[in-house]
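S.K.: Take a look at the letters that make up each chain.
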Amino acid sequence: MRYFFRVTNGVRELDLAGTELLDEDVARREAVRFAGELLKDDPALLDHGQLLVSVHNEDRSLEFVITVRLEVKAI
Amino acid sequence: MSNPLLRKLESFVKLHDGDVDLLNRLVARTREHRTGTDLIREGDRPDDVFLLVEGWAYRYKILPDGSRQIIAYLIPGDLCDIHIFILKEMDHAIGLLSDARVASISRAEMQQILDEHPAIAQALFWSTLVDEAVLREWLVNMGQRDAYSRIAHLFCEMWLRMQQVDLASGNEFFLPLTQEQLGDTIGLTKVHVNRVIQRMRGEGLISLTDRTLTIHDAQRLREIAEFDPNYLHIYRRS
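Those protein sequences? They're chains E and S, same order as listed.
Numbering follows my numbering, in which position 45 of the first sequence is assigned residue number 45; successive positions increment by one, without gaps.
Start counting at 1 in the second sequence, then tack on 75, and there's your number in my numbering.
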């Protein structure tokens, strides 16, 4: 099945081609790992907002979002 | 078609006629292997040394949970370890990334080559050291570079290695890797690999079709990769 991954961090980035993945479970795990990889490469992604990884399948019968946010409780 | 092993070794050492004849004989006796098959599996007892004459192969391990780590690529001219037969069993598998032609060198033959052809012997030891240096660089690549630089670095390396054996005409060469295989090599999800490739395309750095990589902006790619080819130890003989 084809799944489309969109990264949002200020500027929205579209995924036009999509990726072939086995099923919904795999898509969820890949999305979490993907978000982790993006943050590992660039911690500054959370400096001024949040990171969103949005995923949907071809007919949009499945859609989910991973949101990562840094909350400052005290300065 | 030129002899990739000859191209590779003669860049390092001066070979005599007897050496050249031997190397030409070695690549003449090959067997065909289909993509997706294995040359040898983890746990198998190694006998012969494999020499890749045409196509790409790869070293890999499968973990108990089914995930795969690709440890090295073998391109034409690469051998799978000169003294592999010393080991009782393989600690990894070697498979084919494309259809390939592979030559097998028996233990006795290898010993004879090392005994009777000192120039070839020295060149083979050099190539073993280079293989180890490549592994060290891959460790650095995995541990320290971000996704974009990691893939750029790998592309720069494979381009240079293919040039070394006369298999890169201009700025394009055979690269039979799926995005999943790339991900299994550099420790990234295939989603991430896909994103990096799209970005490289969008920035005019590369074109990547099914089995061909074309590098449009080599200088920029090397900058992104912080690529220093010192670890490949490509010494030009004067």
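The set of hints was computed from the structure by calculation and includes no laboratory data.
Where is the CB? At the ideal position from N, CA and C, for every residue including glycine.
You may find that some hints are simply not true.
[As the list claims (entries may be wrong)] On the chain S side, residues computed to face chain E include the following (Cβ under 10 Å):
| hint | residue |
| --- | --- |
| 1 | Ala208 |
| 2 | Tyr223 |
| 3 | Gln256 |
| 4 | Asp259 |
| 5 | Thr264 |
| 6 | Asn269 |
S.K.: If a hint holds in the structure, say so; if it does not, say that too.
M.R.: So, going through the hints one by one against the coordinates:
no.	hint	in the structure
1	Ala208	violated (25 Å)
2	Tyr223	holds (8 Å)
3	Gln256	violated (13 Å)
4	Asp259	violated (13 Å)
5	Thr264	holds (5 Å)
6	Asn269	holds (5 Å)
Comparing the model with each numbered hint stated earlier shows that hints 1, 3, 4 do not hold.
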